[in-house]
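For the protein sequence lines, the chains are A and B, in the order given. Taking my numbering, I'd label the letters of the first sequence as residues 159 to 270. Taking my numbering, I'd label the letters of the second sequence as residues 1446 to 1551.
Since the hints were derived computationally from the structure, they do not count as laboratory data. Each hint should be verified, as a subset may be incorrect.
Only pairs whose alpha carbons sit at most 20 Å apart, straight line, appear in this in silico SDA-like list of lysine to any residue [claimed, not checked]: (1) K169/A x E1450/B; (2) K215/A x A1536/B; (3) K173/A x Q238/A; (4) K1499/B x K215/A; (5) K1499/B x S1464/B; (6) K1550/B x N1469/B; (7) K215/A x I1447/B; (8) K215/A x V177/A; (9) K169/A x G1486/B; (10) K1550/B x T1524/B; (11) K169/A x T236/A; (12) K1550/B x Y1518/B; (13) K215/A x K173/A; (14) K175/A x A189/A; (15) K173/A x R239/A; (16) K215/A x K169/A; (17) K173/A x R257/A; (18) K215/A x S1464/B; (19) K175/A x Q241/A; (20) K1499/B x N1469/B; (21) K175/A x A246/A; (22) K169/A x K1499/B; (23) K173/A x E258/A; (24) K1499/B x N1476/B; (25) K1499/B x R257/A; (26) K1499/B x F260/A; (27) K215/A x D1538/B; (28) K175/A x S245/A; (29) K175/A x F203/A; (30) K215/A x E226/A; (31) K175/A x L218/A; (32) K215/A x G198/A; (33) K215/A x K1550/B.
Facing chain B, a subset of chain A residues (Cβ under 8 Å, in silico) [stated by the list, open to error]: (34) Y191; (35) L197; (36) G200; (37) L201; (38) F203; (39) Y206.
Just so it is clear, the structure is predicted and the values come from calculations on it, not from any experiment. Note that beta-carbon positions come from the ideal geometry of N, C-alpha and C, so glycine has one too.
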Amino acid sequence: GAGVSQSPSNKVTEKGKDVELRCDPISGHTALYWYRQSLGQGLEFLIYFQGNSAPDKSGLPSDRFSAERTGGSVSTLTIQRTQQEDSAVYLCASSPARREQFFGPGTRLTVL
Amino acid sequence: GIQVEQSPPDLILQEGANSTLRCNFSDSVNNLQWFHQNPWGQLINLFYIPSGTKQNGRLSATTVATERYSLLYISSSQTTDSGVYFCAVEANDMRFGAGTRLTVKP
């Protein structure tokens, strides 16, 4: 079956612009995670959705970052007023109820 | 939050050699996974192993939850094994280690 997909694969934007990153999880997976990976670094947890529960936003680095998950499926990560330090690869993963996670290919964001 | 330490940070092997990667964590965990991030950045699931031992071809993993560590064994390494190996644990939230960067030379 289809894996986790993310779009766009690459995004170049100017400092101060807003960006939206999309994640389509594996069908039937109730849990969805967003991570950020800076060049040569490990993964930094951003936000976690589980079913209809309130999301765990504890990893969001600032109030410029937000995410939503519509209908328990597709998720959008929004970064407002982008800064150069937001440049990174943004990874999405889904899992069946907090078990094994499956990752998408990521979106490479470059803020000029 | 929970601390995850991986060792060694870097490892260079000759093709055909064996290796052991270690992941230590600071508290009890519900889940533990090993991933391989290939040179193109894709994270590939290797093992979901909160406890016990699993094997998949040349790879195997063991987690001793009571002693808070997990080991990933790679036997007869190949150049395609190169990349970064991450351990990820879940307690109250999800934490990744900093990874082990493996280079296998032909």
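Hint-by-hint comparison with the structure:
1. Restraint check for K169/A and E1450/B: the C-alpha separation of about 32 Å exceeds 20 Å, so the hint is violated.
2. For a cut-off of 20 Å, the pair hint linking K215/A to A1536/B stands: about 15 Å separates their Cα positions.
3. Proximity of K173/A to Q238/A is assessed by CA-CA distance (about 10 Å); at most 20 Å being required, the pair is judged to hold.
4. Taking the CA atoms of K1499/B and K215/A, the gap is about 33 Å. The hint is violated against a cut of 20 Å.
5. In summary, the hint linking K1499/B to S1464/B is supported, as the alpha carbons are separated by about 16 Å, within the 20 Å threshold.
6. Restraint check for K1550/B and N1469/B: the C-alpha separation of about 27 Å exceeds 20 Å, so the hint is violated.
7. With a C-alpha separation of about 17 Å, the suggested pair K215/A and I1447/B falls inside the 20 Å cut-off, and the hint holds.
8. Annotation: proposed proximity of K215/A to V177/A holds, straight-line Cα distance about 18 Å (limit 20 Å).
9. The straight-line distance between the Cα atoms of K169/A and G1486/B is roughly 16 Å, inside the 20 Å bound, and the hint therefore holds.
10. Using a Cα cut-off of 20 Å, the hinted pair K1550/B and T1524/B holds, with the two alpha carbons roughly 6 Å apart.
11. Distance check on the hinted pair: K169/A and T236/A sit about 13 Å apart at the alpha-carbon level, within 20 Å; holds.
12. Of the supplied pair hints, the one linking K1550/B and Y1518/B holds, its CA atoms being roughly 18 Å apart against a limit of 20 Å.
13. Among the hinted pairs, K215/A with K173/A is inconsistent with the structure: their alpha-carbon atoms are about 24 Å apart, more than 20 Å.
14. A hinted pair counts as satisfied when its Cα atoms are at most 20 Å apart, and K175/A with A189/A does not qualify at roughly 29 Å.
15. At roughly 7 Å between alpha-carbon atoms, K173/A and R239/A fall within 20 Å of each other, so this suggested pair holds.
16. As the CA atoms of K215/A and K169/A are separated by approximately 23 Å, the hinted pair breaks the 20 Å bound.
17. A hinted pair counts as satisfied when its Cα atoms are at most 20 Å apart, and K173/A with R257/A does not qualify at roughly 37 Å.
18. Of the pairs offered as hints, the one joining K215/A and S1464/B is violated, with about 37 Å between alpha carbons and a cut-off of 20 Å exceeded.
19. The suggested pairing of K175/A with Q241/A holds, with an alpha-carbon distance near 9 Å, which does not exceed 20 Å.
20. Proposed proximity of K1499/B and N1469/B is supported: the alpha carbons are some 18 Å apart, at most 20 Å.
21. With a CA separation close to 16 Å, the supplied pair K175/A and A246/A stays within the 20 Å bound.
22. Between K169/A and K1499/B the CA atoms are separated by roughly 39 Å; this puts the pair beyond 20 Å, and the hint is violated.
23. Distance restraint check for K173/A and E258/A: the Cα-Cα separation of roughly 36 Å exceeds the 20 Å cut-off, and the hinted pair is therefore not satisfied.
24. A hinted pair counts as satisfied when its Cα atoms are at most 20 Å apart, and K1499/B with N1476/B qualifies at roughly 14 Å.
25. Proximity of K1499/B to R257/A is assessed by CA-CA distance (about 16 Å); at most 20 Å being required, the pair is judged to hold.
26. Distance restraint check for K1499/B and F260/A: the Cα-Cα separation of roughly 18 Å lies within the 20 Å cut-off, and the hinted pair is therefore satisfied.
27. Under the criterion of a C-alpha separation no larger than 20 Å, the hint pairing K215/A with D1538/B is consistent with the structure, at around 10 Å.
28. Under the criterion of a C-alpha separation no larger than 20 Å, the hint pairing K175/A with S245/A is consistent with the structure, at around 13 Å.
29. Restraint check for K175/A and F203/A: the C-alpha separation of about 23 Å exceeds 20 Å, so the hint is violated.
30. At most 20 Å may separate the alpha-carbon atoms for a hinted pair to count; K215/A and E226/A meet this at roughly 11 Å.
31. Between the alpha carbons of K175/A and L218/A the distance comes to roughly 18 Å, so the proposed pair stays at or under 20 Å and holds.
32. A threshold of 20 Å between alpha carbons decides the hint, and for K215/A with G198/A the separation of about 24 Å lies outside it, so the pair is violated.
33. For the hint pairing K215/A with K1550/B, the CA-to-CA distance comes to about 42 Å; that exceeds 20 Å, so the pair is violated.
34. Contact between Y191/A and chain B, as hinted, is supported at the beta carbon level, the nearest pair being about 6 Å apart and thus within 8 Å.
35. Given hint, L197/A at the interface with chain B, is violated; its Cβ is 10 Å from that chain's nearest Cβ, farther than 8 Å.
36. Taking 8 Å as the C-beta cut-off, the interface hint given for G200/A holds, the closest approach to chain B being about 5 Å.
37. Because the beta carbon of L201/A sits about 4 Å from the nearest beta carbon in chain B, less than 8 Å, this interface hint is met.
38. Taken as an interface hint, F203/A checks out: its beta carbon lies about 5 Å from the nearest beta carbon of chain B, inside 8 Å.
39. The interface hint given for Y206/A holds, since its Cβ lies 7 Å from the closest Cβ of chain B, which is under the 8 Å cut-off.
In summary, the numbered hints that this structure violates are 1, 4, 6, 13, 14, 16, 17, 18, 22, 23, 29, 32, 33 and 35.
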